[in-house]
Amino acid sequence: MHERESKNSVLKMKKNITTLVVCILMTQVVTAQKITPEQYIATYKDIAMREMKRMGVPAAITLAQGLLETESGNSDLVKKSNNHFGIKCKNTWTAGGVSHNDDAIGECFRSYPTAEDSYRDHSNFLRGGDRYGFLFKLDPTDYKGWAYGLKKAGYATNPMYPTILIRNIEQYNLEQYSLLAAKDMPVYDPSLYQDDSEVAQVKQLENDNSDASTPVYLDAAGTAGIINNTKYIFASAGTSLLAIASKNNIDLNKLLEYNDMKKDGILAKPQIIFLQNKQTSGDKDFYIVKPGESLYDVSQVNAIQLQSLIEYNQLNESSQLIPGTKLKLKPQTTATLAPATNDVPVKANGNATIHNVQPKEGLYSIAKTYGVTVDQLKEWNNLADEQIQIGQQLIVSKP
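Sequential numbering from 6 applies to the sequence shown in the working numbering.
These are computed hints drawn from the structure, not numbers from a lab. Nothing here was measured: the structure is a model prediction, and the numbers come from that model. Ideal placement from N, C-alpha and C gives every residue a C-beta, glycine not left out. One thing to keep in mind: the hints can contain errors.
No farther apart than 25 Å at their CA atoms in a straight line, the calculated lysine to any residue pairs in the SDA-like style are these [to be verified]:
| # | residue 1 | residue 2 |
| --- | --- | --- |
| 1 | K274 | F239 |
| 2 | K149 | Y117 |
| 3 | K58 | I271 |
| 4 | K84 | N386 |
| 5 | K274 | K335 |
| 6 | K50 | K156 |
| 7 | K295 | K156 |
What follows is a list of derived Cβ distance ranges for each label pair [claimed, not checked]:
| # | residue 1 | residue 2 | range |
| --- | --- | --- | --- |
| 8 | L143 | G230 | 34 to 40 Å |
| 9 | L185 | K95 | 31 to 37 Å |
| 10 | Q363 | F139 | 32 to 38 Å |
| 11 | E76 | F291 | 47 to 53 Å |
| 12 | K95 | N387 | 24 to 30 Å |
| 13 | N282 | D390 | 41 to 47 Å |
| 14 | P118 | F139 | 39 to 45 Å |
| 15 | K84 | N234 | 45 to 51 Å |
| 16 | E175 | K268 | 42 to 48 Å |
| 17 | S245 | G297 | 22 to 28 Å |
| 18 | F139 | E76 | 50 to 56 Å |
| 19 | G230 | K335 | 45 to 51 Å |
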């Protein structure tokens, strides 16, 4: 009896020791895989300095935000999305997104092909936003002013946000990178600024059927021309519609009408702006929808009035488009139109229910809508992670 108890005690002890060793090894592996703040800084300092030279966001601030938002490069969000600054999808975002729990469950956060894309979008996001404009009037080496200014502008809800940024900057001497980049920064003149250093130029377009005295406001690349016999310019994100109208001697309401816009404002993304009325039909029969494009995008690319495009294809203004859809650009065409998406799921071959991913949706919110799990959605759609695209078709139920 005693001998059996002794053997059991020895086996139990061996089992406990084995478990302890495994836990220690797993802890060491996890620890080894974690990125340190110093490693994060060394990896991204050059990108932060390049962005400071390009757009004026202090490198120290950018790195401090990256450290905080990514937990020094170790957060779940950054691992699955390359999103280093916690920027959410918003209404204007048409690229990829991932589902992540933040202020609410299953929120949509922007995803990027590379970390550098995230850093670039962060600079554009700050530079193109009206509420952050005052920050660019500060000395670029004034990291305390920037830290408190970001909180004042509403970048983050955490009341300790500026304190944490300042602590990161001072603890890891991030200001040295701002000082290095500041040597090569152009002098900032807010009266001349347009996003991405847009420069005002005047040029008379050839083959113009409108008033020959109308000047054309070009962007830094000098992009301007004719689409479907309609004069346009290509304006950068952050450009004021009022400024475009004024520089081209066009009434603001007319400019809005030409571009199927309902209100004045600042352009959230680079886009075509027409200086004349668009045509009622296209210069070709069809257009194949690209990923992320809306009906409005198609109407601008083809210089066709939005209402005409809607009528030819029997859609409505809120219709969502599937990439690859063939849209009619002329009323006389008789070719078959591929079905456009909408908010209602459709049946695929009668076997499974298909959902077309809408803006701001993540896998979690879609799974909740259909009463399934995220793991089921990933399995049915062969998804390696939770990254999905707007317009993507997902199987949301099996027969």
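message = Please list, smallest to largest, the hint numbers that this structure does not respect.
response = Hints 2, 5, 7, 14, 18 and 19 contradicted; others consistent.
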